[in-house]
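Novice: Here is what each chain is made of, one letter per residue.
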Amino acid sequence: MKIVIINYGAGNIQSIKFAIQRLGYEAVLSNDPEEIKAADKVIFPGVGEASSAMGKLKDSGLDTLVPKLKQPVLGICLGMQLMCNYTEEGDTEGLGIFDVDVIRFNHGVKVPQIGWNQIESLKCPLFDGVTEKDYIYLVHSYYAPVTKNTVAKTYYGVDYSTALQKDNFYGTQFHPEKSSEVGEKILLNFLSIK
Amino acid sequence: MLTKRIIPCLDIKNGRTVKGVNFVDLRDAGDPVELADIYSKAGADELVFLDISATEERRKTLANLVLRVAEKVNIPFTVGGGISSVEDVDILLQNGADKVSVNSSAVKNPQLINDLAAKFGSQCITVAIDAKQIDEEWKVHLVGGKVPTELNLFDWAKEVEQRGAGEILFTSMDHDGTKDGFANKALSRLSRELNIPIIASGGAGNVSHFVDTFIEGEADAALAASVFHFKEIEIKDLKQELQDNNIPVRL
Numbered sequence: 001m002k003i004v005i006i007n008y009g010a011g012n013i014q015s016i017k018f019a020i021q022r023l024g025y026e027a028v029l030s031n032d033p034e035e036i037k038a039a040d041k042v043i044f045p046g047v048g049e050a051s052s053a054m055g056k057l058k059d060s061g062l063d064t065l066v067p068k069l070k071q072p073v074l075g076i077c078l079g080m081q082l083m084c085n086y087t088e089e090g091d092t093e094g095l096g097i098f099d100v101d102v103i104r105f106n107h108g109v110k111v112p113q114i115g116w117n118q119i120e121s122l123k124c125p126l127f128d129g130v131t132e133k134d135y136i137y138l139v140h141s142y143y144a145p146v147t148k149n150t151v152a153k154t155y156y157g158v159d160y161s162t163a164l165q166k167d168n169f170y171g172t173q174f175h176p177e178k179s180s181e182v183g184e185k186i187l188l189n190f191l192s193i194k
Numbered sequence: 001m002l003t004k005r006i007i008p009c010l011d012i013k014n015g016r017t018v019k020g021v022n023f024v025d026l027r028d029a030g031d032p033v034e035l036a037d038i039y040s041k042a043g044a045d046e047l048v049f050l051d052i053s054a055t056e057e058r059r060k061t062l063a064n065l066v067l068r069v070a071e072k073v074n075i076p077f078t079v080g081g082g083i084s085s086v087e088d089v090d091i092l093l094q095n096g097a098d099k100v101s102v103n104s105s106a107v108k109n110p111q112l113i114n115d116l117a118a119k120f121g122s123q124c125i126t127v128a129i130d131a132k133q134i135d136e137e138w139k140v141h142l143v144g145g146k147v148p149t150e151l152n153l154f155d156w157a158k159e160v161e162q163r164g165a166g167e168i169l170f171t172s173m174d175h176d177g178t179k180d181g182f183a184n185k186a187l188s189r190l191s192r193e194l195n196i197p198i199i200a201s202g203g204a205g206n207v208s209h210f211v212d213t214f215i216e217g218e219a220d221a222a223l224a225a226s227v228f229h230f231k232e233i234e235i236k237d238l239k240q241e242l243q244d245n246n247i248p249v250r251l
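The listed protein sequences correspond, in order, to chains A and B.
Position 130 (the first sequence) corresponds to 130 in our numbering; numbering is contiguous.
Position 234 (the second sequence) corresponds to 234 in our numbering; numbering is contiguous.
For reference, chain A alone in the conformation it holds in the complex:
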């Protein structure tokens, strides 16, 4: 299986590469459109600020490629947010894969949310074998509200989307690569999607 982690210069991608290694697979880092298109699985990471990450994605010409991919694609954290229509952070247009706008937490909670929270209303193959209310690790200031693409929810002053899915596109707000055994199960489920 050929796994590509899209390398467009946005943050910590070693952790994802290592997490996949611990599951017994190898992933390559790439920004080459041909190599990305040819992969069996694509991981779209993202850490940092939305408008600068989107800028880097555009600079590498990958903003038009990602929405056209046919194989399973997993966006993680900011990667998931950039797959949405729009994010308030830096007033940034997204890739428009998930039909939802990302907004900032504003419900009397501390921002950013940092730590372990629970996922529930799980409804997607990513969560096979994962128990309702299992714990996952999150660190973020902006969130995607609940929408028709929501496949996992979390409560932080408000119920919001911690995972989205549409066709071959998957997104997790949490970091599966940092979410202990639960995260490993979710990553393995993604790698097992046909």
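Hint data in this document are derived by calculation from the structure and do not stem from the laboratory.
Just to be clear, a hint being listed does not mean it is correct.
Once the Cα atoms are required to be at most 30 Å apart in a straight line, the calculated DSS-like pairs of lysine-lysine come out as [as the list claims (entries may be wrong)]:
1) B:Lys119 x A:Lys56
2) A:Lys110 x B:Lys158
3) B:Lys72 x A:Lys185
4) B:Lys236 x A:Lys110
5) B:Lys139 x A:Lys110
6) B:Lys41 x B:Lys60
7) B:Lys119 x A:Lys58
8) B:Lys72 x A:Lys133
9) B:Lys108 x B:Lys139
10) A:Lys2 x B:Lys72
11) B:Lys72 x A:Lys41
12) B:Lys60 x B:Lys146
13) B:Lys119 x A:Lys110
14) B:Lys72 x A:Lys153
15) A:Lys194 x B:Lys72
16) A:Lys2 x A:Lys68
17) A:Lys37 x A:Lys123
18) B:Lys108 x A:Lys110
19) A:Lys153 x A:Lys166
20) A:Lys41 x B:Lys119
21) A:Lys123 x B:Lys41
22) B:Lys236 x A:Lys153
23) B:Lys185 x A:Lys110
24) A:Lys56 x A:Lys166
25) B:Lys132 x A:Lys110
26) B:Lys41 x A:Lys41
27) A:Lys133 x B:Lys236
28) A:Lys110 x B:Lys179
29) A:Lys41 x A:Lys166
30) B:Lys41 x A:Lys133
31) A:Lys185 x B:Lys41
32) A:Lys58 x A:Lys68
33) B:Lys41 x A:Lys110
34) B:Lys236 x A:Lys185
35) A:Lys56 x B:Lys60
36) A:Lys153 x B:Lys41
A quick note: this is a predicted structure, and the numbers were derived from the prediction, not measured.
Start from chain A and add chain B according to the hints.
Specialist: Just chain B now, with coordinates in the frame of chain A:
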């Protein structure tokens, strides 16, 4: 529900783990990567590595250690100690650190916080503050608590938040190493006056100190070293006790 975090802190010198008692005596408590793995399996929510070495090689040694930890550990970890530039942070994040913590360098050059938050995002920037009470006023201290400044803890904490820090790691020099409990009054004031998470540090001696810092201190996370390194407290027992006190934890 967002849970309260338990964070073992590993002091690192030349690639090995050490823990200072009142920041003076150092005792060896093992290999950092092995210890990190043990802690993640024992239920730690996060780890902090604090590099206290002062050699020419330190940058390279630390980057290499970060890479080895990232390879092995499936929970988040923060790296701090001697970080003073955007380049320092870039190297650590590239090698797999999830967050970095800056301390003295932020006091000397507060603009560094803005620069780091703009480049890497607030979520990976922790500002560590060491403070001690002098004539009943909390004063920020530098260089591992050795050098006093004129900065007031609460003023500095607010400035740090405004400049874009994602969380604050507050160590009370008055409590650190005493095993007498955390600085809960100052912690709860920080928690109320600021809108970013606060990590309590300094003073952990027994399980009830953690209960107190989450309830009275309103801390979002609690950090400790020797009580974990010398197995005086097992993380699983600690979390069970927290849960029994209706404090949300990941069990």
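Novice: Each hint should be assessed against the structure and marked as holding or not.
Specialist: Now for the hints, and whether the structure bears them out:
Taking the CA atoms of Lys119 of chain B and Lys56 of chain A, the gap is near 12 Å; set against the 30 Å cutoff, the hint holds. Distance check on the hinted pair: Lys110 of chain A and Lys158 of chain B sit about 14 Å apart at the alpha-carbon level, within 30 Å; holds. Note on Lys72 of chain B and Lys185 of chain A: the hinted pairing holds, with a Cα-Cα distance of about 16 Å set against a maximum of 30 Å. Straight-line distance between C-alpha atoms of Lys236 of chain B and Lys110 of chain A comes to about 27 Å, which keeps the hinted pair within the 30 Å bound.
A distance of roughly 25 Å separates the Cα atoms of Lys139 of chain B and Lys110 of chain A; the hinted pair therefore holds under the 30 Å criterion. The straight-line distance between the Cα atoms of Lys41 of chain B and Lys60 of chain B is roughly 28 Å, inside the 30 Å bound, and the hint therefore holds. Only pairs whose Cα atoms come within 30 Å are accepted, and Lys119 of chain B paired with Lys58 of chain A is accepted, the gap being roughly 17 Å. A threshold of 30 Å between alpha carbons decides the hint, and for Lys72 of chain B with Lys133 of chain A the separation of about 26 Å falls inside it, so the pair holds.
Distance restraint check for Lys108 of chain B and Lys139 of chain B: the Cα-Cα separation of roughly 15 Å lies within the 30 Å cut-off, and the hinted pair is therefore satisfied. Taken as a hint, the Lys2 of chain A and Lys72 of chain B pair is honoured in the structure, with Cα atoms around 22 Å apart against an allowance of 30 Å. In summary, the hint linking Lys72 of chain B to Lys41 of chain A is supported, as the alpha carbons are separated by about 23 Å, within the 30 Å threshold. The suggested pairing of Lys60 of chain B with Lys146 of chain B holds, with an alpha-carbon distance near 26 Å, which does not exceed 30 Å.
With a C-alpha separation of about 22 Å, the suggested pairing of Lys119 of chain B with Lys110 of chain A holds against the 30 Å cut-off. For a cut-off of 30 Å, the pair hint linking Lys72 of chain B to Lys153 of chain A stands: about 29 Å separates their Cα positions. The suggested pairing of Lys194 of chain A with Lys72 of chain B holds, with an alpha-carbon distance near 28 Å, which does not exceed 30 Å. A distance of roughly 18 Å separates the Cα atoms of Lys2 of chain A and Lys68 of chain A; the hinted pair therefore holds under the 30 Å criterion.
Under the criterion of a C-alpha separation no larger than 30 Å, the hint pairing Lys37 of chain A with Lys123 of chain A is consistent with the structure, at around 27 Å. For a cut-off of 30 Å, the pair hint linking Lys108 of chain B to Lys110 of chain A stands: about 27 Å separates their Cα positions. Note on Lys153 of chain A and Lys166 of chain A: the hinted pairing holds, with a Cα-Cα distance of about 15 Å set against a maximum of 30 Å. Distance hint between Lys41 of chain A and Lys119 of chain B is fulfilled; the C-alpha atoms sit about 29 Å from each other, no more than 30 Å.
Pair hint Lys123 of chain A plus Lys41 of chain B holds up; C-alpha atoms about 28 Å apart against a cutoff of 30 Å. Pair hint Lys236 of chain B plus Lys153 of chain A holds up; C-alpha atoms about 27 Å apart against a cutoff of 30 Å. Restraint check for Lys185 of chain B and Lys110 of chain A: satisfied, since their Cα atoms lie roughly 19 Å apart, inside the 30 Å limit. A hinted pair counts as satisfied when its Cα atoms are at most 30 Å apart, and Lys56 of chain A with Lys166 of chain A qualifies at roughly 24 Å.
Restraint check for Lys132 of chain B and Lys110 of chain A: satisfied, since their Cα atoms lie roughly 26 Å apart, inside the 30 Å limit. Pair hint Lys41 of chain B plus Lys41 of chain A holds up; C-alpha atoms about 29 Å apart against a cutoff of 30 Å. A hinted pair counts as satisfied when its Cα atoms are at most 30 Å apart, and Lys133 of chain A with Lys236 of chain B qualifies at roughly 19 Å. The suggested pairing of Lys110 of chain A with Lys179 of chain B holds, with an alpha-carbon distance near 29 Å, which does not exceed 30 Å.
Among the hinted pairs, Lys41 of chain A with Lys166 of chain A is consistent with the structure: their alpha-carbon atoms are about 15 Å apart, no more than 30 Å. A C-alpha spacing of about 20 Å is found between Lys41 of chain B and Lys133 of chain A, which places the hinted pair at or below 30 Å, so the restraint holds. Between Lys185 of chain A and Lys41 of chain B the CA atoms are separated by roughly 16 Å; this keeps the pair inside 30 Å, and the hint holds. Under the criterion of a C-alpha separation no larger than 30 Å, the hint pairing Lys58 of chain A with Lys68 of chain A is consistent with the structure, at around 15 Å.
Note on Lys41 of chain B and Lys110 of chain A: the hinted pairing holds, with a Cα-Cα distance of about 28 Å set against a maximum of 30 Å. Taking the CA atoms of Lys236 of chain B and Lys185 of chain A, the gap is about 22 Å. The hint holds against a cut of 30 Å. Distance restraint check for Lys56 of chain A and Lys60 of chain B: the Cα-Cα separation of roughly 28 Å lies within the 30 Å cut-off, and the hinted pair is therefore satisfied. Of the supplied pair hints, the one linking Lys153 of chain A and Lys41 of chain B holds, its CA atoms being roughly 26 Å apart against a limit of 30 Å.
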